[in-house]
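Please build the complex by placing chain P on the supplied structure of chain Z, with the hints as guidance.
2 protein chains.
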Amino acid sequence: MALILTFLGKGGTGKTTIAIATAKKLATEGRRVLLAGQDPSPVLGILLETSVSFDPQPIAANLDAVQLQTPVLLERSWEELKQLETQYLRTPVLNNVYGQELGVLPGMDSALALNAIRQYDASGKYDVIIYDGNSDLDTLRMMGMPEIFSWYIRRFRKVVQESDFWRAVSPFIQPVTSVVLNVSWTGDSFAQQPTNDMNNILDRGKAAIADPNRVAAYLVTNETATAIATAQYLWGSAQQVGLTVGGVLLNQAPVSEGLTAKFAPLPVTGIPTTGEKEWGIIGQSLPDFSQAAAAPRPIDIDVANRQVKLFLPGFDKKQVKLSQSGPEVTIEAGSQRRNIFLPPGLSGESVKGAKFQNGYLIISF
Amino acid sequence: MALILTFLGKGGTGKTTIAIATAKKLATEGRRVLLAGQDPSPVLGILLETSVSFDPQPIAANLDAVQLQTPVLLERSWEELKQLETQYLRTPVLNNVYGQELGVLPGMDSALALNAIRQYDASGKYDVIIYDGNSDLDTLRMMGMPEIFSWYIRRFRKVVQESDFWRAVSPFIQPVTSVVLNVSWTGDSFAQQPTNDMNNILDRGKAAIADPNRVAAYLVTNETATAIATAQYLWGSAQQVGLTVGGVLLNQAPVSEGLTAKFAPLPVTGIPTTGEKEWGIIGQSLPDFSQAAAAPRPIDIDVANRQVKLFLPGFDKKQVKLSQSGPEVTIEAGSQRRNIFLPPGLSGESVKGAKFQNGYLIISF
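Residue numbers (UniProt numbering), protein chains in the order written: chain Z, 1 to 365; chain P, 1 to 365.
Any given hint might turn out to be false.
Since copy identity is lost for identical chains, a pair holds within one copy or between any two.
[To be verified] Restricting the straight-line Cα-Cα distance to at most 20 Å, the calculated cross-link-like pairs of lysine to aspartate or glutamate (EDC-like) are:
1) Lys82 with Asp164
2) Lys309 with Asp127
3) Lys355 with Asp316
4) Lys318 with Asp55
5) Lys158 with Asp55
6) Lys125 with Glu49
7) Lys321 with Glu75
8) Lys321 with Asp55
9) Lys321 with Asp300
10) Lys82 with Glu162
11) Lys82 with Asp302
12) Lys158 with Glu85
Hints are computed from structural coordinates only; laboratory data are not their basis.
Excised from the complex, chain Z in its bound form:
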């Protein structure tokens, strides 16, 4: 299992440059590194001074690079889906549609990228995968997908199970999704302890993203007001999708007390101003990325004290909305919404109280 690292921050603050410097540094230290770029423009290739293929190719010792190409990934996934359909359905319908003709709809980039990263991780070929996203909102949507998609299945299973609609579509949807996601639409696996669910691809994704030794984000900012505000916003938003933020990289500016206070308790690391492609100099100033687990965790569920604590820095009380319209507790902050899947003992209980304190939302049951 690899450590998956990503960098979040306003456009133009140097995220791709820092991603490359990190990849090169860790590879030099002997870690097997994959640098995966989501941006389809030629920027990654220009900075690396080599063409980057849509399959991982070595670009230095211990270092592979890949440019995730949605049409290619879509084509491959489609052919796999057709295979499964032929295998599991009596009358497959997708056979005459070809992967090469499928257009790309919104959302496909993120879903296919997450699947590709999962496969690179499972290959066992890499110790570290550095994901250079195309947009931070997309990266957060992608990281939030296993949890939110699980919620949709959990929620809609109950709703549709007894409906005409479900009876109609279930012969078509069940066989393939059961194989692809290992999700049981009608069983009770969701009611079991999370530890029993580890065969489920979505639950494995959720567990990985919740574990800062598996997936961690670092904020990148410079000293402009808009970049700092964006980084703060992304900090809270990342926590909202369950992604731990390990620290802050302040690019091309000296670390000040004022700035450190804005991101406390995260460590802030200054990255010196360098000439173009001075990877070594940037590399020397990078922090130890294995320390992300020391940062505050996005969520802490304490069954004994009947309390759930969510760390939502960068938001104030007015920006955080807590509701219980469905069967679960819903937290909204920024443009992220999270439903909290409570363990037995708290599951199904009503919220008794909530307070916002030092960036934490503390909910009592």
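Relative to chain Z, chain P alone:
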């Protein structure tokens, strides 16, 4: 009908700043302007020095601003969908799921934003809508959606119409999509002349995006190599989704012959370096955005000469892939894929030849 303007370019080149300056300038000239921001971070509010709501609010004479908030838009669309379901289905299933609890999956941001822009346009309240996207790839996916989604319906209708799956889902999918999209899944509206299809919401979207007097993009770049390469890449990619690029804004640098040559035949406009929030100075240097129709169009179909010309600047021959695996002609370039819906006379014909000349892909039938 409003003119919808958007700016494409590498992060950090000043797109949001130029979007604001454009909005302020056009409002001062008496046009009724809506500035719609997709980025959920506080940046737009900081630059405008006012809070921006998720419903349009006046921020100056003739100028409204809105921050498109996906959870809010999702909630509203969900309630509308539930209404429709209750109206058109005997046994509605969505009634007990609440808009307030729905999480945001990848792709929802773009789909909901496009729908919101469509509604603001239809309201008749605005002469110009300036869309400040969160990421250019997302903006292109969004603009490409009406055409690509139409293709999916067109393609899959043929495939599934005779299947067990279709017979099972059609009672549930047909009534609601017919109302929402005015799409006939089983009828022959797609075989008719495009002009007869204008009641169809997707076809209206396609027509708007294909018309540079309705929707136009401008490239923003500075003089760094990566920003220029990104702008060139975005130019071709925008054309690939049918979106006309009207010109180039070169931010904080003097216009040189070398740069003009890179973007010929587009006009390149220099934007001077200014202090922060010097909207007036930036505004004075902006081009006339109503001239986008003078720029080369993404596609030209000539039935008489049995020829289709696609303008794909920024790509070379090797990066453009032409195939005919399905019933239509598929063009792939960058991470965009386009299926060309041919008019009667060329529809269903095989490609006889293709050449790549001065940025144009010329296909003969």
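Here's how the hints hold up against the structure:
1. Lys82 with Asp164: between (26 Å within a copy, 16 Å between copies)
2. Lys309 with Asp127: neither (32 Å within a copy, 47 Å between copies)
3. Lys355 with Asp316: within (11 Å within a copy, 58 Å between copies)
4. Lys318 with Asp55: For lysine 318 and aspartate 55, only the inter-copy Cα distance (17 Å) is at most 20 Å; the intra-copy one is 45 Å.
5. Lys158 with Asp55: Cα proximity of lysine 158 and aspartate 55: none, with 40 Å in one copy and 34 Å across.
6. Lys125 with Glu49: Cα proximity of lysine 125 and glutamate 49: none, with 24 Å in one copy and 49 Å across.
7. Lys321 with Glu75: This pair counts as between: shortest inter-copy Cα distance 14 Å, intra-copy 40 Å.
8. Lys321 with Asp55: Classified as between; 18 Å across copies, 42 Å inside a copy.
9. Lys321 with Asp300: within (18 Å within a copy, 50 Å between copies)
10. Lys82 with Glu162: between (29 Å within a copy, 18 Å between copies)
11. Lys82 with Asp302: For lysine 82 and aspartate 302, the Cα distance exceeds 20 Å both inside one copy (45 Å) and across copies (36 Å).
12. Lys158 with Glu85: between (25 Å within a copy, 18 Å between copies)
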